[in-house]
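> Line by line, the protein sequences give chains R and Y. Letter 123 of the first sequence, counting from 1, is numbered 123 in the working numbering, and no numbers are missing. Letter 116 of the second sequence, counting from 1, is numbered 1116 in the working numbering, and no numbers are missing.
The set of hints was computed from the structure by calculation and includes no laboratory data. Do not take every clue at face value.
[To be verified] Sample of chain Y residues at the chain R side, in silico, Cβ under 8 Å:
#1 Asp1039
#2 Leu1045
#3 Ala1067
#4 Tyr1071
[Claimed, not checked] Derived DSBU-like pairs: lysine-lysine, alpha-carbon spacing no greater than 35 Å straight-line:
#5 Lys1109(Y) x Lys360(R)
#6 Lys163(R) x Lys72(R)
#7 Lys283(R) x Lys21(R)
#8 Lys13(R) x Lys1109(Y)
For each residue, glycine too, the CB sits at the ideal point set by N, CA and C.
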Amino acid sequence: MTNTELKETPIIKAHQDMGAKLVDFGGWNMPIHYGSQLDEHHQVRKDAGMFDVCHMTIVDLRGCEVIDYLAKLMANDVAKIADKPGKALYSCMLNNEGGVIDDLIIYFMESAWVRVIVNSSTREKDLAWMRSQIDNMAVDLTERDDLAMIAVQGPNAREFAAKALGDEIAGAQELKPFNALLINSGSDNERFVARTGYTGEDGYEIVCPNSQAEQTWRLLADAGIKPCGLGARDTLRLEAGMNLYGNDMDETQSPLESGLSWTVDFSNENRHFNGRAALEKQKEDGLKYKFVGLILEGKGVLRAHQGVLVEGSENAGELTSGTFSPTMQKAIGFARVPVEANETCQVEIRKKHLNAKIVKLPFVRNGKVLVD
Amino acid sequence: MSDIPQELKYTKSHEWIRVEDDGSLTVGITEHAQGLLGDMVFVELPDVGDEFEAEQDCAVVESVKAASDIYCPVEGEVVAVNEELEDAPEQINVNSYHEGWIFRIQPLKENDLDHLMSPDEYAELVESESH
């Protein structure tokens, strides 16, 4: 395989200097680990780690009808954050059949300006869909591929980031969870700092111009924030009970059967968001599956696509994600199982049927195991 | 460049094979293979007495990242397994050629090793796969 066509983030040089094992991640040459995925996982749970997430797609939506536009585009209700500068909202973007086109975070920046961060793997179809939905509304869509993003995560991440970046992120320490701040707005040193992440730990996602990303990364490393690869990012998000697009939901799955009902807001009857009718029909007909956490009781590792058998149900379930939890030292996963499922199930692993416990997500938050 | 000991034989599926004095073969995965897989968290061993065909899957190693089948290099019977890996699969990461051995097999046929790769041939394979 040749690496010549892989896209690179502006931090690639630092990754190479810091010993990253680089892999093709959806067309990007990205660090999978810097030596040990397990060490990096523990580093984030116990101290502070950082991830290059420049591959993610930042989109700015501007215009006087941007809230109306998002009210139709998003399954969650953007009214919750409208007129609250910096406030973030997690939502699914659905097709008309109620399937998930992508999951994303929406930041209300200021009147007539909303920033949306979508997945890298879905970039093209997301942008095409979002453009097609503008119709003739007063909304202007700009992809911000001039911007880089670094996620610093862990109990000490915010403190170390403040030490490393000082005035560059002035005011960030006062941010409440799920809020963002624009610093030095409009200047060459503009920073967007959000107290969000994908690990279940406290931290920031820091957005800066591409040209300043490598230096920012090195300053953060000097302050004691260890570089972490996408391998640890996956085990961390799994422990934290956070869905991964393409694994845990996609265009053929409803958010209501993907553990994302809490993000679908039906409360305003007059808000006819894309997919609403399909989801209402699905609720009326009765959901067949629910989305749960699994813990394997014996030895082994849970993986996506393993079958799940539930007593008293003819329908089979399926793992959507699975791994070995470094924090719990057990195999964990997410599964879509028949609604009849209760406390236990069996997972098919290489023709064997192994017992697993069904639990409520998440498994781990803020360094603490939340399940028995 | 990863370590490829001269005294061992290799397979294209990244197992190493050591010929023991009694004619049995000790099998593990190479330094290169453990590096690709990353941190090991689970090993499924065959049972002593199990018989396998050449190139049949006979064990599984799982890292945090992925599961990988281990293939039997020759037709034979399993005569020993490294039970320590059940509680300490990371031994494969620490030293894949010694503490990280997986199982030992007694070949059914004599001179059944001709198809295995020499260290040089294996080095070439590793080189070609990294481009």
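> Each of the hints needs a verdict: does it hold here or not?
Going down the list of hints, with the structure as the test:
1. Asp1039: holds, 4 Å
2. Leu1045: For leucine 1045(Y), the interface hint is violated, since the closest Cβ of chain R sits about 11 Å away, which is over 8 Å.
3. Ala1067: Holds: closest Cβ of chain R sits about 6 Å from alanine 1067(Y), inside 8 Å.
4. Tyr1071: Because about 15 Å separates tyrosine 1071(Y) from the closest Cβ in chain R, which is outside the 8 Å limit, the hint is violated.
5. Lys1109(Y) x Lys360(R): Since the Cα atoms of lysine 1109(Y) and lysine 360(R) sit roughly 54 Å apart, the hinted pair is violated (cutoff 35 Å).
6. Lys163(R) x Lys72(R): The hint is violated at about 42 Å.
7. Lys283(R) x Lys21(R): Answer violated: lysine 283(R) to lysine 21(R) is near 45 Å, above 35 Å.
8. Lys13(R) x Lys1109(Y): violated, 53 Å
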